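Novice: Residue numbers (the UniProt record's numbering), protein chains in the order written: chain A, 1 to 432; chain B, 1 to 432; chain C, 1 to 432; chain D, 1 to 432.
Hint data in this document are derived by calculation from the structure and do not stem from the laboratory.
Just so you know, these numbers come straight off a predicted model, no measurement behind them.
Careful, some of the hints might be misleading.
If chains are identical, the list can't say which one is meant, so a pair holds when it fits in one copy or spans any two.
Below are the EDC-like pairs computed for lysine to aspartate or glutamate, each with C-alpha atoms no more than 20 Å apart in a straight line [unchecked claim]:
hint, residue 1, residue 2
1, LYS279, GLU247
2, LYS17, GLU31
3, LYS145, ASP371
4, LYS20, GLU31
5, LYS113, ASP166
6, LYS20, GLU162
7, LYS361, ASP153
8, LYS46, GLU377
9, LYS207, GLU317
10, LYS20, ASP41
There are 4 protein chains.
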Amino acid sequence: MSDRPIDQEVVETENEKRQKELASDFAALGESLDRRGVAIDAVVEKVRGFTVAVPSWGVGTGGTRFARFPGPGEPRGIMEKLDDCAVIQQLGRATPAVSLHIPWDRADPSALKEKAASLGLSFDAMNSNTFQDHPDDPKQPLSYKFGSLSHADPAVRAQAVEHNLDVVEFGQAIGSRAITVWIGDGSNFPGQADLSRSFERYLESAKAIYAGLPEDWRLFSEHKMYEPAFYSTVVQDWGTNLLIAQELGPQAFCLVDLGHHAPNVNIEQIVSRLIFAQKLGGFHFNDAKYGDDDLDAGSVDPFRLFLVFNELVEAGEALERLHPAHMIDQSHNVTDPIESLIRSADEIRRAYAQALLVDRKALRGHQDANDAMMASECLKRAFRTDVTPILAEARRRDGGAIDPIAAYRASGYRAKVAAERPASKGSGGGIV
Amino acid sequence: MSDRPIDQEVVETENEKRQKELASDFAALGESLDRRGVAIDAVVEKVRGFTVAVPSWGVGTGGTRFARFPGPGEPRGIMEKLDDCAVIQQLGRATPAVSLHIPWDRADPSALKEKAASLGLSFDAMNSNTFQDHPDDPKQPLSYKFGSLSHADPAVRAQAVEHNLDVVEFGQAIGSRAITVWIGDGSNFPGQADLSRSFERYLESAKAIYAGLPEDWRLFSEHKMYEPAFYSTVVQDWGTNLLIAQELGPQAFCLVDLGHHAPNVNIEQIVSRLIFAQKLGGFHFNDAKYGDDDLDAGSVDPFRLFLVFNELVEAGEALERLHPAHMIDQSHNVTDPIESLIRSADEIRRAYAQALLVDRKALRGHQDANDAMMASECLKRAFRTDVTPILAEARRRDGGAIDPIAAYRASGYRAKVAAERPASKGSGGGIV
Amino acid sequence: MSDRPIDQEVVETENEKRQKELASDFAALGESLDRRGVAIDAVVEKVRGFTVAVPSWGVGTGGTRFARFPGPGEPRGIMEKLDDCAVIQQLGRATPAVSLHIPWDRADPSALKEKAASLGLSFDAMNSNTFQDHPDDPKQPLSYKFGSLSHADPAVRAQAVEHNLDVVEFGQAIGSRAITVWIGDGSNFPGQADLSRSFERYLESAKAIYAGLPEDWRLFSEHKMYEPAFYSTVVQDWGTNLLIAQELGPQAFCLVDLGHHAPNVNIEQIVSRLIFAQKLGGFHFNDAKYGDDDLDAGSVDPFRLFLVFNELVEAGEALERLHPAHMIDQSHNVTDPIESLIRSADEIRRAYAQALLVDRKALRGHQDANDAMMASECLKRAFRTDVTPILAEARRRDGGAIDPIAAYRASGYRAKVAAERPASKGSGGGIV
Amino acid sequence: MSDRPIDQEVVETENEKRQKELASDFAALGESLDRRGVAIDAVVEKVRGFTVAVPSWGVGTGGTRFARFPGPGEPRGIMEKLDDCAVIQQLGRATPAVSLHIPWDRADPSALKEKAASLGLSFDAMNSNTFQDHPDDPKQPLSYKFGSLSHADPAVRAQAVEHNLDVVEFGQAIGSRAITVWIGDGSNFPGQADLSRSFERYLESAKAIYAGLPEDWRLFSEHKMYEPAFYSTVVQDWGTNLLIAQELGPQAFCLVDLGHHAPNVNIEQIVSRLIFAQKLGGFHFNDAKYGDDDLDAGSVDPFRLFLVFNELVEAGEALERLHPAHMIDQSHNVTDPIESLIRSADEIRRAYAQALLVDRKALRGHQDANDAMMASECLKRAFRTDVTPILAEARRRDGGAIDPIAAYRASGYRAKVAAERPASKGSGGGIV
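Use the sequences and the hints to build the structure in full.
Specialist: Printed below as a string of C-alpha cells:
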C-alpha cells in the first residue's frame with residue numbers, strides 16, 4: 001500500500017457527505033442510460049481503466065514572458081513534485097504516472113524509482129530539453145539560441161543528440177518506455193533559416209536519437225505551429241511530423257498537443273489521419289482559445305475535447321494497436337496547479353465517458369443515410385449527458401474522492417506545504 | 001503565326017510611347033544589378049522562360065454566394081474564353097497555356113485544339129468537377145450533395161470516378177498531361193461524416209482514377225481547409241494531401257493553392273516540405289486575406305508570394321525534377337478578368353524575378369553564421385528591387401506590351417466583345 | 001386559434017409515446033435542481049417566454065458560391081415560406097415571429113398580415129437588400145457592384161437609401177418595428193476604396209435612413225469581418241458598428257451575428273461591451289468554425305453559445321431596457337431547413353436555460369475571491385446540466401412536440417409539400 | 001553638440017565608401033520620380049522630419065516564456081540603455097526619443113535628463129507596469145496576479161492607480177508628455193472574471209489616473225487581444241479602447257500596437273476609424289505573423305506596414321491635429337537589439353516614404369471611377385519603388401550613416417560594451 005500524502009480519513013469524511021447524493025444521481029443516470037441501451041457499470045469500468053499522465057512541470061505555477069506569479073508551497077524539486085502528483089492521484093485516481101522533464105527533474109534514478117513506488121506512481125514518457133541553455137551542465141556548453149537538433153553547427157546538433165540519448169538512458173533506469181522530443185528550433189525572420197536544410201539536419205539528428213532507442217521504446221515527435229520561433233518552426237504541423245515519423249521508422253510516432261495548431265484547424269481530423277497512417281503516438285492534453293495557451297483541458301471548448309475522444313473510441317481496434325500515450329501538458333498561471341490537474345484529468349475522462357455513450361450503430365446508420373441532422377444530434381446526445389456521477393463513482397470505487405477538489409481543500413495540503421516550502425526567490429518573467 | 005485578337009499595331013503604338021522610358025529604367029536597373037554582380041539580361045531570359053497557365057473559368061466574372069455582378073462582354077462559351085485568354089497571352093506573353101474545367105468547357109476536342117493552336121495557346125492541367133450537380137449530363141444522374149469521391153454510396157463514387165476518367169480522356173484528346181482533382185467533399189456538422197471512413201473511400205476512388213491515368217500523366221490532388229464544407233473537409237491540408245500522393249504512387253502529386261490554408265500558416269514552408277517529399281505538383285496562384293478569397297496574386301501580401309518563389313529558386317535542381325505546374329486560380333469579382341489575369345501573371349513573374357536576385361551564396365553564409373539580421377536583409381534587398389523594367393523588357397522581347405493593361409485599354413477589346421456578346425440572363429448568387 | 005400546417009393529432013400521438021419518459025426525466029432533473037436550490041418550474045416558465053425569430057430565407061436550402069443542392073419541396077414564395085415557418089413554430093413553440101427580407105419577400109402587406117395571423121405568426125425585424133442587383137425593380141436601376149450606402153456615386157447611395165426607406169414603410173404595414181441594415185460594401189484590393197471617405201459616405205446614407213425611421217422603430221446595423229468584400233469591409237467589426245450607432249442616435253443599435261468575427265475573438269465580451277454602451281440591438285444566431293459558415297446554432301461550439309447567454313442573463317435589468325432582438329440567420333445546405341430551424345431554436349433555448357442555472361451569487365463570490373477554479377466550475381456545472389427535459393416540457397406546455405423533429409418526420413410534411421411544390425429550375429452556385 | 005557613443009570618424013569613413021554609389025542611385029531615383037512628378041528632395045526632407053521613439057526595454061535581448069538567450073554586452077541599467085539608444089540615433093538619425101518603462105528605468109530624474117541631453121536624446125511617452133509584481137517596491141506590496149486597474153479588490157486598484165500617477169509625476173520631471181497604459185488584466189477561464197464589472201472597475205481606475213493628468217499630457221490606452229490573459233482581456237480590441245478614450249475625455253487616446261489584433265484583421269482600417277473618431281493616439285510598431293510576436297517592423301509583411309502609412313498620409317490635416325506618437329515596441333530575441341532598432345526605424349521610414357509617393361490625385365480618381373485595378377496598381381507602384389536611396393540620403397544629411405548597420409559593425413561597439421558589461425547571471429525564461 002502506497003504512502004498517502006493526504007490522510008485518507010479526510011477523503012472518507014468528505015465522501016460520506018456526498019455518498020447519498022452520488023448514489024441517487026448515479027441511479028438516475030443509470031436508469032436513463034439503461035433506456036438508451038447502455039449499461040452504466042460497463043462505462044464506469046472503462047473510465048476506471050482510462051488514465052492520463054501528469055507532467056512534473058505542471059505542479060509548479062506557470063507564467064508568461066511578462067510575468068510569473070508564484071503560488072504558495074511550490075515544489076522545490078522533483079521529490080516534492082512527486083508528492084504533489086501523488087495528491088492528484090490519491091484524490092482523482094486517474095493519473096498514476098508522471099512525465100519527467102530532463103534536466104529539470106534529474107535526480108538519482110533509484111531514489112526516484114523508490115520515491116515514486118512509495119507513492120504508487122510510475123513514469124510515463126520522458127521529455128528532453130534543448131529549447132533552453134543549460135550553462136551549469138558540463139555536457140552542454142554550447143547554446144541553443146539558434147537551434148538544437150537542426151542547428152547549422154554540427155557540434156550543437158551532436159550535443160543535442162547526446163542530451164536526448166542521455167534522457168533515454170535516464171528514462172530506462174526509472175522504467176519509462178518513451179521519449180517525447182519537442183524542440184523550439186525555427187526562425188524569427190524570413191531568410192534566417194534555410195527551410196529545407198534545417199529540416200534535413202533535424203532528420204539527421206533525429207535519426208541518430210532513433211538509432212539509440214531501446215527496442216521497446218517509442219519516440220514521440222511533437223509539432224507546434226509557432227512559439228518560441230515566430231516566423232518558421234522546423235516541426236510546424238502534423239504533415240511535417242508525419243514525414244519525420246515515416247523517415248525514422250516503426251518506433252517513431254506523432255504526438256498531438258491540442259494547443260499547437262493554426263486557428264480554426266479541425267484537430268479531431270488530424271487525429272483520425274494519424275490513426276490511418278498508424279502514426280498517432282499520443283496527446284498532450286490542454287485547451288486553448290488563441291495560441292498555445294495551455295489552459296485546463298476542456299475549459300474553453302469542451303465539445304472539441306469530446307470530438308477528439310469520439311475519434312479515439314470510433315477507431316476501436318486500430319487504436320488499441322497504437323495505444324497512444326495520454327498526457328497533460330498545461331501551464332497553471334492563476335489556479336492551484338494540483339486543482340487544475342485534478343480537474344483536467346476529470347475533464348479528459350468526461351470526454352472519454354461521453355464518447356463511450358455515442359450510439360455508434362445509430363451514428364453509422366445516419367452517416368450512411370446522409371442524415372446530417374440525426375448524426376449531429378446523435379453525437380450531441382452523448383455530449384449533453386452529464387456523466388459526472390460516472391466519473392465520481394469511478395473514483396470512489398478506486399478509493400479516491402467523490403469531489404476531489406473539495407477533498408483537497410478540506411485536507412489543508414496546500415497550507416501545509418506552504419509552511420514547509422519557502423517561496424522561491426524570483427518571480428521570473430519580465431522578459432517581454 | 002497565331003491569330004492575334006488585338007491588332008498588333010495597337011501594341012506597337014503603345015510600346016513606342018514607353019520605349020524610351022523603359023530603356024532608361026532598364027539601363028539604370030542593369031547598372032545597379034551589375035554592381036550587385038547580377039547580369040540583368042540573364043534575369044530577363046529566365047523570366048521569359050517562366051510561364052503560368054490561366055484558368056478558363058477566370059475570364060468570366062466571379063462572385064460570392066451573395067451575388068455576382070457580371071461585367072460587359074463576358075465570354076459565353078469555351079471558344080470565347082479562349083479568345084480572351086489569347087488577349088492575355090498576346091499582351092503579357094506569360095500565359096501560353098489554358099487550364100480547362102469539365103464539364104464547363106466541354107466541346108469538340110479537335111475544334112478546341114484547332115482554336116487554341118490558331119491563337120498560339122495550349123492546354124495545361126484538366127480540372128474535373130464533382131462539387132456540383134450536372135442534371136443535364138446523362139452520365140451523372142446522381143447528386144453530389146453529400147460528396148463525390150468519398151460519398152457513402154458506392155454508386156455516387158463510381159459516377160465521380162467515371163467523370164474523372166472522362167476528363168482524362170478528354171484531356172488526352174487536346175494534349176493535356178495532367179488532371180487536377182479538387183473535391184468539395186466534407187461535412188457541415190460533427191458526426192455527419194465518419195472522418196476515417198470518408199478518407200478511406202476517397203482513397204479507393206482516387207486509386208481507381210489513378211489506375212486509369214496514362215503513363216505520361218500526372219494527377220494533382222488539391223487540399224483546402226474549408227468551403228464548401230464547413231466542419232470537416234476530406235482533403236483539408238497538405239498532410240492529408242501528402243498521404244494521398246504517397247498512397248497513389250509516383251504519378252500523384254500535391255497541388256498548393258495559396259488561399260487554401262488556415263490563418264497564419266507559413267505556406268512557403270509547406271512548399272519546402274513537399275519538395276523534400278518529392279510530391280510538389282504545382283500551384284494555384286492567387287492571394288487572400290481571410291479565406292479562399294481568390295484575389296489577384298500578390299495583391300494583398302506580395303512578400304509572401306516572393307517567399308514562395310524564394311523556396312522554388314532555392315530548391316534548384318530538386319525542383320527541376322518535379323517541374324511543378326504553375327497555374328492561376330482566381331475569382332475576379334470587381335475587375336475586368338482579362339486585366340486581373342494579365343496583372344497576376346505579371347506579379348507572379350515579379351516574385352520569380354525578385355527571387356532570382358537573392359544573393360544565395362551570401363544568404364547561405366548568413367544562415368550558417370546565424371546572422372539573422374543579414375539573412376533577413378539579404379532577402380529584403382532582392383524583394384525591394386523594383387524589377388518592373390525586367391518584366392516589361394521580357395514582354396517586349398517576346399512581342400508583348402510594355403504596359404499590357406494600358407495596351408489592352410487602348411485596344412478597345414472589351415467594348416468590342418461587349419457589343420458582340422449579349423449579357424447573360426441572370427446574375428447568379430443570392431444563395432446565402 | 002391559428003391554422004396548423006400539421007395535423008395536431010400527429011403531435012399528440014408522438015407526444016404520448018414520450019410523455020412517460022419525459023415525466024420521469026423531468027422529475028429526476030427537478031429533484032437534482034432542487035438540491036441546487038433551483039425551482040425547475042420557474043426555469044420552464046422563463047424558457048417558455050424566450051423566443052427567437054426565424055428568417056424567411058432560412059426555410060430554403062442555402063449553398064455556397066460553388067453550388068447549391070436544393071432539397072425537395074422548397075417554398076416558392078413568401079406565402080409558402082410562412083407555411084414552413086408555421087411548422088417550425090407549431091412543433092417547437094419557440095419561434096412565433098418571422099424576419100422578412102425585401103425584395104425577396106415582397107407581397108401585398110395585408111395579404112401577408114392575414115396569412116401570418118392565420119398561422120399564429122408575426123413579423124420581427126425587416127431586412128433590406130443592397131448587396132445584390134435588382135434588375136427587375138424599376139426603382140433600383142443602378143448597380144451595387146461597387147457598393148450601396150457607401151458608393152462613390154451619390155445616385156447609387158440615394159437609391160440604396162430609398163430602398164431602405166421603402167423597406168421601413170413596408171415593415172410598418174405588416175407590423176414590424178425594426179430594420180436590420182447589412183451591406184456588403186467594401187473592397188477587394190488595397191486602394192480600391194478610400195477607407196475613410198467610404199465610411200463617411202456610409203454614415204451620411206445611414207443618417208438619411210435613420211431620419212425616416214418611425215418613432216417606435218429601431219435600426220440595427222450589422223457588422224461583418226469579410227465576405228463578399230475580401231480586403232476591407234465598411235462595417236467590419238463592432239468598433240465601427242458602435243461608432244455608427246453612436247453617430248445615428250438613440251434608435252440605432254448594433255446587431256451581433258455570431259459568425260461575423262475574426263478567428264479566436266471572444267464574442268461574449270463584445271456582447272458585454274455593447275450592453276455597457278447601451279447599444280446591443282440583438283443577435284443573428286448561428287454557429288461557425290471557419291468564417292461566416294452559418295451553421296446551426298450551437299452545433300460546433302455549444303459552450304460559446306452558452307457563454308453568450310451567460311452574459312445576457314448576467315446583465316439582468318440592463319438587458320431588459322435594451323430588449324435585444326433574437327433572430328436566427330443560418331444557411332441550411334445539407335439538412336432539411338425546417339429541421340435545422342427547429343433544432344437551432346432549441347439549442348438557443350438550451351443555452352438560455354443553462355445560463356439560468358448558473359448560481360450567480362456563488363459565481364460572484366468566486367470572482368471576488370479570485371477563485372478561478374471554482375468560478376470556472378460554477379459555469380461548467382450549469383453548462384453540463386442536461387436541460388433537455390426542461391426544453392421539452394416548455395414545448396409540451398405550449399402545445400408543441402416533446403420531440404419536434406420526430407414529430408415533423410412523422411407528419412410527412414416534407415413529402416406533402418414536395419408533391420405540391422415543383423422543384424426550382426436551376427440549382428444556382430457555380431460562381432466560383 | 002551631443003556625446004557620440006561611436007567615433008564619428010567611423011561613420012564618415014564608412015560613408016565615404018558608399019557616397020558615390022548613393023549619389024548615383026539617388027540621382028537615378030530622382031530622375032525616375034521626377035518623371036512621376038515627384039521632387040525627391042521634398043521626400044527626403046519629409047523623411048528627415050519623421051522620427052520614431054525607441055523603447056528602453058528594446059535594447060536588451062527579449063525572450064519567450066520558454067527561454068531567453070542573452071547576447072553580449074547587454075545594458076545593465078537605464079544609463080547604459082541610453083548609451084545604446086544613442087548609438088541607434090547617431091547612426092540612423094530617426095530615433096531622437098526614448099520611451100521609458102517604470103519601474104524598470106527608475107533613476108534620479110535630473111541625472112536621467114542630463115544623460116539624455118548629453119546624448120542628444122529626449123523622452124517620449126512613459127510606460128507604467130502593473131502586469132508584474134514589484135516585491136521590492138514598498139509602495140506596491142499587493143500582487144497583480146489577478147489584475148491591476150480592474151482587480152476585484154479596491155486596494156489593488158488603488159495601488160495600481162497610484163503607480164500610474166507616480167509614473168506621470170516621474171515623466172513630468174524628465175520632460176515626457178504622455179503615458180501609455182497597458183495592463184495584462186483579464187482572465188484565463190470563462191467565469192473567472194465578470195466581463196462587465198471588470199470593465200467598469202477598469203474605467204473607474206482609469207478615470208482616477210486621467211484626473212491626475214497634467215493639462216498638457218495625453219493618456220494612451222493600449223488594447224491587446226490576448227496574452228498574458230488567455231480567455232478574456234479587459235482592453236481586448238480597439239472597440240473597447242475607443243469606449244475608454246470616449247469615457248475618459250479629450251486627453252485620452254487609443255494606441256495601436258500592430259501585433260495586438262486577431263488573425264486576418266485589417267489594421268489600417270482600424271487606424272482610419274480611430275482617425276475618424278479623433279482618438280488615434282499613436283503606434284507601437286512591430287511585425288507579427290502569429291500573435292504578439294514583436295518582430296522587427298516590416299520584416300514579415302512590409303506591405304501591411306505601408307498600408308498603415310498610406311492611411312496616415314491620406315489623412316493629412318486630420319492627422320496633424322492628432323499628431324500620433326510613433327514608437328517601436330519589439331522583442332529582439334535573435335538579433336543584436338541595436339541593429340534591429342536601427343533597421344526597424346528604417347523600415348518605418350521606408351513605409352512612410354513609399355506612402356508619400358502615392359499619386360493621391362490619381363488614386364482618388366480611380367476610386368471615384370471604381371477602377372479597382374488602377375487604384376490597386378497606384379498603391380503598388382508607390383510600394384514597389386525602392387526608396388533606399390532616399391532613406392540613406394536623409395540620414396547622410398543629418399550626419400548619420402549611409403549604411404547604419406555596416407557602420408555599427410565597423411565601430412566595434414558591441415565588442416566594446418561586451419567587455420565593459422559583465423553578462424547578467426540568469427537567462428530567464430523556462431516558465432512554460
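Novice: Reference check for the pair LYS17 and GLU31, CA-CA at most 20 Å: within, between, both, or neither?
Specialist: Answer is between; shortest inter-copy Cα gap is 18 Å, intra-copy 23 Å.
Novice: Is it within a copy, between copies, both, or neither that the alpha carbon of LYS145 lies no farther than 20 Å from that of ASP371?
Specialist: between (54 Å within a copy, 12 Å between copies)
Novice: Can you give me the call for LYS20 and GLU31, within, between, both or neither, at a CA distance of at most 20 Å?
Specialist: both (17 Å within a copy, 14 Å between copies)
Novice: With identical chains treated as interchangeable, where does the CA-CA distance between LYS113 and ASP166 reach 20 Å or less: within a copy, between copies, both, or neither?
Specialist: Close inside one copy (17 Å), not across copies (54 Å); limit 20 Å.
Novice: Since the copies are identical, ignore which copy is meant and state whether LYS20 and GLU162 lie within 20 Å (CA to CA) inside a copy, between copies, both or neither.
Specialist: This pair counts as neither: shortest intra-copy Cα distance 56 Å, inter-copy 53 Å.
Novice: Is it within, between, both or neither when you check LYS361 against ASP153 at 20 Å Cα-Cα?
Specialist: between (56 Å within a copy, 17 Å between copies)
Novice: Can you give me the call for LYS207 and GLU317, within, between, both or neither, at a CA distance of at most 20 Å?
Specialist: neither (29 Å within a copy, 25 Å between copies)
Novice: Please sort LYS20 with ASP41 into within, between, both or neither, judging by C-alpha distance up to 20 Å.
Specialist: within (18 Å within a copy, 25 Å between copies)
Novice: Using 20 Å as the alpha-carbon threshold, which applies to LYS279 and GLU247: within, between, both, or neither?
Specialist: Classified as both; 12 Å inside a copy, 15 Å across copies.
Novice: Is it within, between, both, or neither for LYS46 and GLU377, if the alpha carbons may be no more than 20 Å apart?
Specialist: neither (24 Å within a copy, 24 Å between copies)
In this structure, the earlier hints numbered 6, 8, 9 are contradicted, and the remaining ones agree with it.
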